[in-house]
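Sequences are here, hints too, so could you generate the full structure?
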Amino acid sequence: MTAAFSPVNLQVREELQAAYQQINQLVLGKDHQVKLALSGLLAGGHILLEDLPGMGKTVLSHALAITLGMNYKRVQFTNDLLPADLLGASIYERESGAFRFIQGPIFCELLLADEINRATPKTQSALLEAMEEKQVSLEGETRPLPNPFFVIATQNPIEQLGTSPLPESQLDRFLIRLQMGYPTKQAELALFSGESRRQMMQSLKPAISREALMAAQHSATQVKSSDGALSYLYELLKFSRDSGLFVNGLSTRAGLGVLHAAKAWAWLSQEEYLLPGHIQSVFPYVAGHRLQLLAGASDPMSNGQLILGSVAVPR
Amino acid sequence: MKQLNFGLKSSSFIGLAAFQVYALLPLLPSLAWLQITLVLMPFLLGMWNTSYKYINSSVLLGLTLWAGSVYLSPSGWFSSETIISGLLLVLGFKWLEAKSHREYQLLATLSLVPVALSSLYFTGLMALLYLVIGVLLYLVVLLGWKAGVRLKSAFYGATRLLLFSLPMVALLFVTVPRIQGPLWDLGIVFGLPIELMIDQEQRQQGLTAKLQAGQISRLKKSDQPVLVAEFDGVVPYKSKLYWRGPVYEVFDGISWSLPSGWDNRSQLLRKAFRQKSELTNALSVKQELVSYEARISAHGERFMYGLDFPVGRSAETFISSDFQVLGIRPLRHEFNYQQKAYLQYQGGRPLSEKELASYLELPEQSNLQLQAWGRNLTSQWPQASDRIQALRVHLAEGGYQITQTPDIAASMHSLDEFFFSAKEGGVEHLASSTAVVLRAAGIPTRLVAGYRGGSLIALTNFVVVRQANAHVWVEAWLADTGWQRIEALDFVLPPEPERAKSATSTAAKPLEKAAKESPAVAAEKPVEKVKEASEPKQKKSEKPQPISGFSWLKTLNQGMENWILNYNPERQVELMEKSGIRKVDWKSLLAVSVLALLLVMVFYGVVINLRRPKRELLLQAFIRLDKGLKKREWQCLPGECPSQWLGRLQPLAGELYPACEIVIQQYIQLRYEQMPEAEKQQAIQCLQRDIKRLTGML
Amino acid sequence: MNKRLSIRLTLSGVVLVIVLFLIQLLAINYSNNLLFTFGFMLVSIFLISFWLGLRNMKAIQASCQHVEPVHAGQLLKFHLILSEDKGLGRYQLQVLDDTGQSDLVAHSQQSIELPQLTQVRGSIEQRDATVRSDWPLGFFMFKRSLCTLPEVLVYPATGGRLPLITMLSDAQAQHQEAVDSLAGLRAYQPGDNMRRIHWRALARNEQLQVRQFEGEQGDPSGWLSWDDTSELPYEARISCLTDWVLECDRQGRIFGLRIPGNEIAPESGVKQRHRCLSALANMPELVV
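Residue numbers (our numbering), protein chains in the order written: chain A, 1 to 315; chain B, 1 to 698; chain C, 1 to 288.
In case anyone wonders, no lab produced these hints; they're calculated from the structure. Each residue gets a CB set at the ideal place from its N, CA and C atoms; glycine is no exception. The reader is advised that the hints may include incorrect statements.
Stated by the list, open to error - Here are the simulated distance ranges between beta carbons:
| no. | chain 1 | residue 1 | chain 2 | residue 2 | range |
| --- | --- | --- | --- | --- | --- |
| 1 | A | Gly-309 | B | Ala-18 | 56 to 62 Å |
| 2 | B | Arg-150 | C | Lys-58 | 22 to 28 Å |
| 3 | A | Pro-148 | C | Thr-130 | 52 to 58 Å |
| 4 | C | Thr-130 | B | Arg-624 | 30 to 36 Å |
| 5 | A | Pro-148 | C | Leu-5 | 54 to 60 Å |
| 6 | C | Leu-286 | A | Thr-184 | 52 to 58 Å |
| 7 | A | Pro-167 | B | Arg-693 | 54 to 60 Å |
| 8 | C | Leu-117 | B | Leu-61 | 43 to 49 Å |
| 9 | C | Thr-130 | B | Ser-153 | 24 to 30 Å |
| 10 | A | Asp-227 | B | Gln-635 | 22 to 28 Å |
Unchecked claim - Below, simulated DSS-like cross-link-like pairs (lysine-lysine); rule was C-alpha separation at most 25 Å, straight line:
| no. | chain 1 | residue 1 | chain 2 | residue 2 |
| --- | --- | --- | --- | --- |
| 11 | A | Lys-122 | C | Lys-271 |
| 12 | B | Lys-238 | B | Lys-587 |
| 13 | A | Lys-185 | A | Lys-35 |
| 14 | A | Lys-122 | A | Lys-73 |
| 15 | B | Lys-680 | A | Lys-224 |
| 16 | B | Lys-627 | C | Lys-58 |
| 17 | B | Lys-680 | B | Lys-692 |
| 18 | B | Lys-340 | B | Lys-286 |
| 19 | B | Lys-238 | B | Lys-578 |
Encoded structure:
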C-alpha cells in the first residue's frame, strides 16, 4: 500500500472518478480531452482550450468548473475589457470617505476566460501575470488569489480582425493547451438526440468537494517516477534542444510541467508509477505550445508528436 | 629550446630526449671516437640550433665524414660498429629534421632498435631490466606528448599497459617458434651459397696436411661455416657427430702430418673402399645408421668431411682406406653429396706389420716424460683395453682444463708441459698427448682432425658445421675390434663452477638421459660450455654480482636464468610435447602460437570491450524478450511504451497473451517502479526465467 | 549514414611493425631470449592498443544541436554533443577536420563546436560528422561517422548600400491602427504611415514625429521590394535586401518581401525574418 493508494486516497479517487464520469456524460466522446483537462488541474496548472466556435469548449470548461465544486467565475474577454474589469479596482466610498477595493472576477478558484484572444494585450498580460504569480498587484498593493486558483481559457484559433493572439513567449503560462476536435459519429449522434447541453448543465451538481480535490492534487504528486521514466522525459527534452528543428528547446520548467501532468495522468489511470506511456499521453499538449518550428508552420500538436516519433523509449 | 617551434610540451620533449639517451648510451663505448662525435653531432645540433637552414648540408657533411671514418677504420663496411653508427646517424638526422608530433613518435619507435642492440651489452637481470625500462619509457613518450597529459599519469598509463600485456607476452614467449640464429645459418638452410656467409678477409684456412699445435684453437675462433647437412629424420645428438677430415699418422714432436702420397689420387683410389659390402664387412661394430645430405663450401682440398663412419656412395666421391669421404678432385666449388654413416663403429681393414709399426712410431727426443708414462701403463696393464681405461681415469681425475687460448709454447716437450704441469691447453694438446701415451703404451694410434657437432638449426633437420666446431680426436687400433675412437675430451670433466651451472641448465636434461646409454655422449656438456664461454656476451666480468644481503635477488636471477634466458627450442619442444602436441616442428608451433594469439586476442577483446554497467541485466532481459517476440513480428517499437506494447499484443498474441502479459508486466514493474535492490535482483532472475519460458513457447 | 568503423594503420604503426620485424631478426640472430621478450612485449602492447582503440570508439553517441543560421562570410558553428553512457572514458576524439582533440568522461556529455567558414549563400548539404581517434598509442587510426550534420541554410551576406526603403502596405497597416487610445509620440522612421505623422509636433519643434497607439505591435508594416534596389548589381541587391530585412526585424516592424518569383506577406518576428532570409538565400544564381 503506497501513499497514492492509502484508504483516504481511495475515497478521493472514487470521488474523482465520479466527477470524471459526470463530465464525460456531458462532453461526449472527448474522453482524452477531459482526462487531460483533469490532469492539468490536478497538476495545478492552467488550461488553454482552443478550437473553432461550437466545438464544446465552453461546455467542457463549465462542466469542469461545476463538477469540481469550485467557486468559479466566467469572464467573456472582449477588446474593451480593461485590466481593472478583471482584477478589480479601488472605488471611493462616499459613506466611509475612503477607497475600497472591489475584487474583480479573478478572485475565484476557477476562472473561465472565454475567448481570451479577443482582449487587448494589456488585459491579457494582466491575466497572465496573475496566473503566474497567483496574486494580483494593484495600486502598490499585493493581493493573493485564492488557493486553488485555476484558469481555463478558451480561444479561437482563427486570427480574426480585432483579435490579439497570445504572445508566444507567454503561452507557457498554460500548462496544457488542447484542441477539442470534431466529435466522433456516435458522440455527435448522441448529442443530436439527447438533451440540450445547456439544460443539462443547469442540473449539474458538484461531484467532488474542494478538499477532496486538494487531496487528489497532493496524491497525484506521490506517483513514483523511476529513472527509466525520467530518462525518457530527459531524452524528449534533449531532442527538442538538440534536433535543430525548433527555435528554442524545451525549458526545464516545461519538463517539470510534463512530469506533473504525466503523474496526474498516471494517477487518474490508477497507476502507482509513471510509465513512458503516461508521458506520451500528455507530452504533445504540454510541450507543443512551447515549441516553435524553425522552418515551416507550427502546429502545437504536431510539434509534440514530432518529438515523440523521433525519440526512442530508453530500455 | 626547440619545442617553441611546434608546441610540443616540454615534459614530453624531455621524455623523448631521455629515451634517446637511454637507447644510445650503451652503444657508444663500442664505437670509435670519431664515430661517436659524428653520431652525437646531430643530437647536439638539434638541442640548440633553432634554424633549419643548414640541415641538408649538415646531413651531407655528416654522411661524408661517416663514410670516411668507416673507410679509414679497420673494421670494414659490414662490421657491427659500422652498422650501429650508421643507424645512430640516421636517427640523429631524423631528430634534427623532426618537426611534428608524428615525426617525434616515429623517432621514438625507431629508437627501439638501438634499445634492442644496447640490451646486448648487459646480461641476465640487468638486460631484462634495461629492456623493460626501455618499453616503459617508450610508452611514456607515446602517451605523454598528447596535450594535457601529465608525466605522472603517462607513467601510470604506461605501467598499466605493460602489466596488462604480460599474460600475452608470456604466451607468445612460450609458443612462438623459437628459431635460433645466427641468421646466416637460416640463409644456408634456405639454400644460399655458404661462400656468401664467409667474410673473405677473415677467411680461415681449414685443416691442412700438417696439424700444428694451436691450429685448432685458432680455427675455433672463427664462425665461418664449413658445411651444412640435412638429416633424414631426427638429428642425432650433436656430440655424436664426427665430421672426418685429414687422418694424421706421423708425429714429429711438434706437429702431426699426413702420410706420404696423401693427395695422390691414383694411390688413394687404389686403396679406397669400392664395394659397400667391403665397408660393412670391415666393421665389427656398427650402430646408429643415419642418412644425410651435405653441402660443403670450397676449401681447395679433397676432404668432404663425411660423418663417421661413412657407408654410402655418392657421385664424384669415394671412401678412402682411412674412412674419409674424399672428392675425386679438390673442392673448388661448393659441392653437394649424399651419405650414410654409422655413428658408432669399430673395425677396419686388417693392418700389415709395417702399418702397425708406423702407427706406433714416436719421435725419440720429445715428450720423454709422457712416453715413459705410457710405457709404464704397459707394464701395469697387460690388456690394451685396460691401458685405455687407466688413461681415461687419469684424465678424468687429473683436473685438466681445455681452453680456447692454450698458453703452451710449441716445443718438443710441449705435451709434457701440458700433461704434467700446466694441465690446461687446447684440444689438440689433449688429443696429441693421448695419442703419444697410447703409442708409448704399444697401442697403434692415429690422430683424426675434423669437426665435432655443429649447430642444429632449431625446429629443422639442418646442422651447420663451422670452423668453431673444429676438433681432433684419436683412433686406436685394438687387435680384436679394429679402429676405435678414443674421445679424450669426454674424459676430461668440465671445470667445477661451470658444471654447477649446467646442472641447472634445462638444456642439459635430455642429454643426461642419453648419457646413461653411452658414455661418449656425456661429452656434450663440456663442448657446450666451451662454446658458450666463447661468446662475448657471457663475459664474467660484466655479470652483475648481487650483493650478499639480497638473496631474493639471487633467487630471482636464478629463476630468470632458468625460465627466460635458457628457454630454447629443446625446452620449447619438450613443453609442447608434454602438452600433447604430437609432432613439434616450426609449423605446428607457429599454428599453436597463432591459435593461442587469436584466443588471447579474443580474450583481451572481451575483457576490454565487455565492461557492462549494472542496469544492463534488465536490458539484456528486455533485448532477449524483444528478440524472442520478433520472430512473430511482435517486437516492441522504438518509441513505444511497454504498456502500449502490451496493449498492441492483446489482439495479436491470442492464447499466448497471458504469458506475454506476465512477462511484460514484470518488466514494466522492474523498469519503472522503484524497488529495493535485493528484491530487484530476485525479480530480474524471475523475469529471466519467465522470458526463457516464453521464448520457448514461441 | 555510414556507421561503419574504419581502421587503418598509421605511419607510426607501420614503422613499429617494421621495427618489430627487425627486433625479431635481432633476437633470432643472437638467439637472445630477452630480445624475444622485448619484441613480444611490444607486439602485445601493439595488439592491446588495437583493442583499447576499438573500445574507445564504440558506442559514442552524438547529436547535432541546432545551428545558428549565419550570413555568408561568417563562421558557421555546428554544435555537436557527444555523450557516452557505457561508463567508459573516451579519449582524443577528433571530430571532422577539427584540429582539437577532446576527451569524454564516462557517463557525460561534451559539446563540441565545429566552425566552418561559409563562402556563399544557399544551403550547405547535410553530411556525416566523423570522429577519429588514434588513442592510445597512435598506431591505429579509427574513424567512424557519428551523426548527420543537418542541411544548413546560409543567409546572404549583409552589406546594404542603400537606405531602407519600405513601401507601405495598406491592409496590414490599417488594422493595427486605431485600436486604442494614443500612447505617445516617437521619432519618424522611413516607411511610417504618413497619416500618423503628428503635424502639430512638426510645427512646434520641427521634428517629424508619429503618433503611437496602445495595443499596437511594433511599427507599421511595409514591403521590401526587389525593384527598389535596381541600381545595384545582382548579388549586391540580395545583400541589400538582406540588410533591410535585418533592419526591419531589429525595429520590430511588420514587413513583407517581394523578390522575383516570390512574395512573402507582411508579418513580424523571428519566423518572418527566417522566411525572408531563406527566400533571399535561395534565390537562383545569376546566369550570365
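These are the hints, each one checked on the structure:
no., hint, verdict
1, A:Gly-309 x B:Ala-18: 56 to 62 Å, "holds (59 Å)"
2, B:Arg-150 x C:Lys-58: 22 to 28 Å, "holds (26 Å)"
3, A:Pro-148 x C:Thr-130: 52 to 58 Å, "holds (55 Å)"
4, C:Thr-130 x B:Arg-624: 30 to 36 Å, "holds (33 Å)"
5, A:Pro-148 x C:Leu-5: 54 to 60 Å, "holds (57 Å)"
6, C:Leu-286 x A:Thr-184: 52 to 58 Å, "holds (56 Å)"
7, A:Pro-167 x B:Arg-693: 54 to 60 Å, "holds (58 Å)"
8, C:Leu-117 x B:Leu-61: 43 to 49 Å, "holds (45 Å)"
9, C:Thr-130 x B:Ser-153: 24 to 30 Å, "holds (28 Å)"
10, A:Asp-227 x B:Gln-635: 22 to 28 Å, "holds (23 Å)"
11, A:Lys-122 x C:Lys-271, "holds (24 Å)"
12, B:Lys-238 x B:Lys-587, "holds (23 Å)"
13, A:Lys-185 x A:Lys-35, "holds (20 Å)"
14, A:Lys-122 x A:Lys-73, "holds (20 Å)"
15, B:Lys-680 x A:Lys-224, "holds (16 Å)"
16, B:Lys-627 x C:Lys-58, "holds (22 Å)"
17, B:Lys-680 x B:Lys-692, "holds (18 Å)"
18, B:Lys-340 x B:Lys-286, "holds (12 Å)"
19, B:Lys-238 x B:Lys-578, "holds (23 Å)"
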